[in-house]
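Number of protein chains: 2
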Amino acid sequence: MTRKGLLLILSSPSGAGKSTLAKKLMTWDPTLRFSVSATTRSPRPGETDGQDYFFRSRPEFEAMVAAGEMLEHAEVFGNFYGSPKGPVEAAMAEGRDTLFDIDWQGGQQIRNSALGRDVVSIFVLPPSIAELDRRLRTRGQDSDEVIAGRMAKSRDEISHWAEYDYVLVNTDLDQTFDELVTILRAERMRRDRQPGLAGFVRGLNGEFEAR
Amino acid sequence: MTRKGLLLILSSPSGAGKSTLAKKLMTWDPTLRFSVSATTRSPRPGETDGQDYFFRSRPEFEAMVAAGEMLEHAEVFGNFYGSPKGPVEAAMAEGRDTLFDIDWQGGQQIRNSALGRDVVSIFVLPPSIAELDRRLRTRGQDSDEVIAGRMAKSRDEISHWAEYDYVLVNTDLDQTFDELVTILRAERMRRDRQPGLAGFVRGLNGEFEAR
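Residue numbers (this note's numbering), protein chains in the order written: chain A, 1104 to 1314; chain B, 1104 to 1314.
Read the hints as simulated data drawn from the structure, not as lab findings.
Hints are not guaranteed to be accurate.
Chain copies aren't distinguished; within one or between two, either way the pair holds.
With a straight-line cut-off of 20 Å between C-alpha atoms, the simulated EDC-like cross-links for lysine to aspartate or glutamate are [what the hints assert, rightly or not]:
id : residue 1 : residue 2
1  : K1107     : D1268
2  : K1256     : E1312
3  : K1127     : D1259
4  : K1126     : D1275
5  : K1188     : D1152
6  : K1256     : E1310
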């Protein structure tokens, strides 16, 4: 039956497992579309334009915002980040869901946009701050100062947990992933996401008439 | 983590599989509480008071309604049916969910009651009216007239499908049951059904403070 695409927003402090969960979900359902963000920050080694981010200059980014091409955008650590609107609308029209790996500012803007009704938002919490710290350190590529900055950002991010539809505590990755899949499957079964139902019920009524 | 009990309402035309699904769900999760309806109709052979229904006289039933002890009630085929409120509130306070096997009238009243925010409503449709007819006839204990009456009631019931949060088409019982379980599991993960989260996040903030 035809379905209306939804917008699945995944937010969490850095190190809580959000990106790993997002990657697993994309493998679980290849029809999902991942929303690639645009950013004005410089590419890191190994990052590809159009895959990890759309890398844009500040004037280019500002022109996209001015043209209404951004579903949301925000400044973080002096760089702009945003979600281009066009690909999201195209996916929805095809009945495909879009996955957003974004922070609370982006989540808030999309919820308050014209597409807010189609949003399913999930916040992932770490089991503890000690564990969050450990996960950030074992990445091993950042200085103490960078980690301290991330922890401050994490605290700010966590303060917005109550704005989300669902909250998961990521103690065990496999269990949290199972919960994530369960939420997505259930949300797809909502009546208002199944535009084909009206026609199906008309068919049942036709059968009643013909008796 | 502590949880706030929800009210799971299952409605469908007779023969669409609702009662079978309800029974399977009670086996799947023994902590679920099944809402036993009160009724003024006579017990059928094999039915037990307090288990299948609370069999009450008309004056007794009317006294319960007058005392505000019914969450919902309605008259169907000349008999009253209703859901006693006390056991539902007791279950919710314990963090247990209550399952209702009721019709659209009951569903509407509970959604519009003070407990409406805690309702998750699911409508089960048959794959076709021919199949609905077949399932009603193979029960083998009812006359054509009774079946014709049920079919008219079914059509009325189906006309309310769009009032429900979720709609399932019961083509395959195992698949529909899996969908039902998925919805229940996801709804339990909603932020506003997990009152323990606020305390958990306070704990995370305490960890930040202590750093």
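Okay, the hints, checked on the actual structure:
1. When the C-alpha separation of K1107 and D1268 is checked against a cutoff of 20 Å, the pair qualifies both within a copy, at 19 Å, and between copies, at 15 Å.
2. In this homomeric assembly, K1256 and E1312 come within 20 Å of each other (Cα to Cα) only across copies, at 14 Å, whereas the closest approach inside a single copy is 62 Å.
3. Taking the shortest alpha-carbon separations for K1127 and D1259, neither the intra-copy value of 26 Å nor the inter-copy value of 44 Å comes in at or below 20 Å.
4. Proximity of K1126 and D1275 under a CA criterion of 20 Å is satisfied intra-copy only: 16 Å inside one chain copy versus 32 Å between copies.
5. Taking the shortest alpha-carbon separations for K1188 and D1152, only the intra-copy value of 18 Å comes in at or below 20 Å, while the best inter-copy value is 59 Å.
6. Taking the closest pair of Cα atoms, K1256 and E1310 come within 20 Å of each other only across two copies (15 Å); inside a single copy the shortest separation is 59 Å, beyond that limit.
Consistency note: the structure conflicts with earlier hint 3 alone.
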